[in-house]
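**Student:** This is what each chain is made of:
Protein chains: 2
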Amino acid sequence: MWREIGSMRKIILIIIALTNLFIAFAQNSTFVNPFIGTKSMGHVFPGAVAPHGVIALSPDTDTIPHNVAGKYQPDVYRYCAGYQYNDPTIVGFSHTHFSGTGHSDLGDLLLMPTNGKRLLNPGTKEQPETGYRARFSHNQEKAMPGYYAVTLQDYHIDVELTATERVGVHRYHYPDQNARIIFDLVHGIYNYDDKTLWASVRVENPQLITGYRITNGWARENYQYFAIAFSQPVLNYGYEEYEKQSYAGGWRKFNLKENFPEMAGRKIRCYFEFELPETHVLEARLAFSAVSAEGALKNLEVEAPLHKSFDEILKETQQKWEKELSFIEATGNPDQLAMLYTSLYHCKINPSIYQDVDGKYRGLDGNIHEAKDFTNYTVFSLWDTYRALHPLMNIMDRKRSADFTNSMLAHRAQSVHKILPMWSHFANENWCMIGYHGVSVLADAIAKNIPIDRKEAMSAMYSSSTLPYFDKTAEYLKYGFVPYDVSKNGVSITLEYAYDDWCIYQTALKEGDTQKAEEYKKRALNYRNVFCPDLGFARARYSNGFWKEDFSLLNTHDEGFIEGNSWNYSFYVPHDVLGLMKLMGGDKAFIAKLDNLFNMHLPDEFFAETEDVTREGLLGGYVHGNEPSHHIIYMYNFTSEPWKAQYWVREVMNRMYRNDLDGLCGNDDCGQMSAWYIFSAMGFYPLCPGSDQLVLAAPYLPYLKLNLPNGNTFEIKAPKVSDKNRYVQSVKLNGKPYTKAFITNDNVITGGMLEFEMGEKPNRKRVFKGDDLPYSQ
Amino acid sequence: MWREIGSMRKIILIIIALTNLFIAFAQNSTFVNPFIGTKSMGHVFPGAVAPHGVIALSPDTDTIPHNVAGKYQPDVYRYCAGYQYNDPTIVGFSHTHFSGTGHSDLGDLLLMPTNGKRLLNPGTKEQPETGYRARFSHNQEKAMPGYYAVTLQDYHIDVELTATERVGVHRYHYPDQNARIIFDLVHGIYNYDDKTLWASVRVENPQLITGYRITNGWARENYQYFAIAFSQPVLNYGYEEYEKQSYAGGWRKFNLKENFPEMAGRKIRCYFEFELPETHVLEARLAFSAVSAEGALKNLEVEAPLHKSFDEILKETQQKWEKELSFIEATGNPDQLAMLYTSLYHCKINPSIYQDVDGKYRGLDGNIHEAKDFTNYTVFSLWDTYRALHPLMNIMDRKRSADFTNSMLAHRAQSVHKILPMWSHFANENWCMIGYHGVSVLADAIAKNIPIDRKEAMSAMYSSSTLPYFDKTAEYLKYGFVPYDVSKNGVSITLEYAYDDWCIYQTALKEGDTQKAEEYKKRALNYRNVFCPDLGFARARYSNGFWKEDFSLLNTHDEGFIEGNSWNYSFYVPHDVLGLMKLMGGDKAFIAKLDNLFNMHLPDEFFAETEDVTREGLLGGYVHGNEPSHHIIYMYNFTSEPWKAQYWVREVMNRMYRNDLDGLCGNDDCGQMSAWYIFSAMGFYPLCPGSDQLVLAAPYLPYLKLNLPNGNTFEIKAPKVSDKNRYVQSVKLNGKPYTKAFITNDNVITGGMLEFEMGEKPNRKRVFKGDDLPYSQ
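Protein chains in written order, with the working numbering: chain X, 15 to 791; chain G, 15 to 791.
Note that these hints are calculated values from the structure, not bench results. Hints may be right or wrong, so weigh each one.
Identical chains blur together in the list; that is why a pair holds if it fits in one copy or across any two.
Only pairs whose alpha carbons sit at most 30 Å apart, straight line, appear in this in silico DSSO-like list of lysine-lysine [to be verified]:
| no. | residue 1 | residue 2 |
| --- | --- | --- |
| 1 | Lys329 | Lys271 |
| 2 | Lys386 | Lys312 |
| 3 | Lys334 | Lys731 |
| 4 | Lys139 | Lys469 |
So here's chain X without its partners, still in its complex pose (with noise of 0.2 Å):
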């Protein structure tokens, strides 16, 4: 007897201590709120994602715009990640999405569980009961990593959703046996009603469908095959079509319509319907493939079979989700930890995974190739992410970004052009945004001994710089700068090429390449050209040297730029910081041109025209919520008054970052936002990546701990820091009085401790001279 209480005992103690690893091993991801920028302008989605997977289900609360003279209106902007929280319907559930983009697409393969009438419109908004749609409310919504579950409030049906890399994964709970799937496959977020080239599907047996669409968005030829498996059997079922389609032969000998197993089409949305038993559960999982519908079958086998649960795949990807946010301990108060933690969770959405289980994957030639020695992803969103997305990477994923640059070399030799992806998805090149950054994520991780094939690398730098026909290069060559008779652009165009003109000059330092190294180091210093000594500022120019007249400094349009003034343009040398502050007059003239870009008030008719930012994302003229400005603040290290990078960067965690529904200040960029929170938390920041040096301000946090993929851990100590004592006193690095204005990369991923003692006011004697100041041409 005593014996057998003695077993219970220890039993019991067991349970508890397995329950409170469970607790200690779970809490950083229970500090993740999804909903964080699900409001207004961060983009990001509420929906269940497994870290890097390529699906990403989520609900689309509407996507469609509004057709007014046959131009779409900008609702397609505002669903770039198909959730807008101020919603009131759900139109259903698509398996892909990015995360914090400023330009939308995808949305794939939606699936919207009903009952009652069968409609397979989606209705609208204004009246969800015209379609399949439904109301929900946020009280019935939750969302955690890798979990999202909402009531339909029209159904009566409770939804719960989680995902593994390739595989959504639905459980849906009916309020009777009644229960319908529609799957729309129409539905798409960009072009709302003409994205789709053609569906087809297959009823392979009652309890599985494959089969593909093709769409063309964004991404100009996107493919995406499907696999379902349905935890019932389907009884009934059957599509509509709304544009006509032939499949001559077949409507005289069947019924199409009805239970006839292949239905194709431009323009399909079907329908299954089941009589599901006691529980009233039904659950519909569905594997994405780009290669075939063979290969999202092995992918829905390998990662989701129906004989495995909905929660012990929720568990599997919920642990996956604690790896991943276990890279940072840290100390703060709820809602400076729940920023912390949504941002890393942020930071490992995008790049996506992007190749079957097989390791087969559809290239950017539309050829099916097979990832050899290394996994393959997609959603590079370059022009934002190198700038502290990939050096980050660099830092906690090391093993992933060397995959990330291995994809983009793929991408490489599977370009017509041979050149690195610019903004690729799905086996596109949208040819977003400017620049040819893809030679800055490869250069950073040369620099940050990412083990890649450097000789490969340096060849695709090489050739992305040289394309003659690629985006004004020939002109950049020919005039040392892109005319603005040319582009519009020609500024910010030339300003980002010398910056990574820089990035090549310094791998190729490095690889020993001396020729090429002299030749980039010439190009690097290009950004003069477009810089107005009179003005003191970058300024548009013809090809005939003359500067543009009417030049404003604060409208961001026509004026030589794009995202960004002339203001927050001009600070755009990474490279050549002291450079810089020469042309802008010397330290003072630069801390003054500083200090004005943050204290100046931008009227109204320029805020106007700033992109993908709310008011909030401005400090004055300074436009966080955009990317082009991110490493300005850093900048103040180089002058003789440093603190007040270590004032501004808090000031902008502070204001900019809010653990609320519309706390981001813009749109989150597949993560390079929440990469820009994440380092500026540790207290540094790759102002220049390509270099191997993290420049500092001060932590935000009293503590913070870096577990590193190698072992090591890397302890950054503030213990004073508070928003009053936001002023670096003095550094120690492993113990030892720290004098620079940087720690490098190695610095970090050997381990060790940096510890900042904090006050209220500066300390003006801690200047950075020689070198101790940053790596700067």
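On the provided structure of chain X, position chain G as indicated by the hints.
**Tutor:** Leaving out everything else, chain G in the frame of chain X:
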């Protein structure tokens, strides 16, 4: 000196000997006249094709149907093969064509050489100068197996074409150094301007382009990947899009329309411009693949790399044709030999090889498969070709016959319905016509010991004949016939199902599945359920057992039949002729009915409703220009007046197969009409495929020798045969008197000699009884 002259003589003699050998070897293809049937109903094409090659590179003379009130006029029918002899212009040279079909599709990947003004639209035949098409004259046109040449008068360009199995090879002679090629990705046969779902072109280098298009034509989803090699570098290229498509981003950075190496859209037409060397010759080679651009490139490299000359390729293809055409040696007048060898030529075009050189092919399930133990073929017009083409293949090309059946079994394995093909092409089932005649092809192959997986074949036969939703199979099984109230084609369907069921019965018997044999033996008699005893004809019947009132024996439409009236279809019991004879009232009544069929006059109002035939395609009421009656003449063998078969077969051959542009009296139907001719010329015909018997009539020519693939020969002698001496007096097989009405397939392939003594009058004593009668249930 003498010695030298001696060697010279020797060389000359060798040359003469080789030349003679070549002439001897080459002579059969010189008889082929690819223009036979290119006018009116034959629906064959004159262009270049290798035996059973997927590339059928041929001029399209006008494929633009006239859209009247939103409906296409039947021009689409006229252009099944893209070419109509009377047309004044050539639109261009497209790479895929059906041979002789009654339904149109293909016409893919059109190239057209031009010069002068750059016109990217095809123009009209009335005003060719408004587009890129050109006038031509038959005086400047030439066609032979594997070769086609024409002069484009508007451009003074001489065009020569040849083809390998997977590559179309073009040689253009321009009048000067200015050359252009139009590549029209909108063009296609079937639906003119909305066929292409998507097209994509990559200029890999100045001499190589790759890409693909997907079409939705008669084939629901047809993938055409290509690789095109030019013999000269392209200097300038571009495209026009005829429907807006999005390629976001790109338009801001590039001039996508000119010299940008990616061209894509729903409706695009490209041009490529060259500066030629002094020869003024430009070659283009287009390799096709249904798998990938990579596959097309492999096909190009293996079959027609640029280092292989046009003439070498042409010679190889011509040698392949000689080999195929050497199957028959015959004596006859030039017109007879032209008809014979052209018929043989038409039998060796479809089915078409449908896999890349590495064995990969697109399956019916949309997945990419690899053909391991067979070669995959497509274009199975089985309602037509089960009758004579496949039985002919079981004599002359047993290797390909095995490939055909294996291709059909692969189709079935990939079918979501798990049934054999009906009318399949390019990885699609188009459900054309009726019956599950795939089972006939399998049964015939098994009866004739073609090596195939019999277990798999049996399983395929069963599944194909029991799928409830397949074209009224459920009702057929329920009522024993397909009621008129269920299908307007119910009688035809019933008759053909019953025959197919007999094929299954025979196979089950052969394979020892007695239970199935019993079941299908019964089903084979279902033809009786639509035979109206009062009327003495097959008649539409309702599910309540009542016969259709107001029934017309002559009308083709709405009487229960399809592509044939009751007069013709009533004889459709190839598997139980004696049974049918009994139903029709015995020998004399049966003969009277047959005689009546051949001697009646079909009034114009009823002729207008026959399909796919010219007036010449009729003999009285007998319709030879379409398939349902092809076996009827041979039925006389079961009667007391078998010589009438000898009379009418020769009558049909003389009247309905003429060495003339409109020499085919109906669609050639992928070789079925031609196979009928070849069998009938031999003196026998597969009255009932699925049995191994070939039913005799009389040979058409005095001498005919079959060079069998196993090395044996089978000679058919009828030295006295002529239109006058059309009656068989007696027969000898291998020197011995032969009294049966049939020989077996084995008789032929083991080799030997069949001799016919011919005379002016019928030998009225030569009547078949008992074992001398062909097999009949």
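**Student:** Does each hint fit the structure? Answer for all of them.
**Tutor:** Consistency of the hints with the structure:
1. Lys329 / Lys271: So Lys329 and Lys271 fail the 30 Å test inside a copy (39 Å) and across (51 Å) alike.
2. Lys386 / Lys312: Both. Shortest intra-copy (18 Å) and inter-copy (21 Å) distances satisfy the 30 Å Cα cut-off.
3. Lys334 / Lys731: within (27 Å within a copy, 82 Å between copies)
4. Lys139 / Lys469: Answer is neither: 54 Å inside a copy and 57 Å across each miss the 30 Å cutoff.
Of the hints listed earlier, those the structure fails to meet are numbers 1, 4, in rising order.
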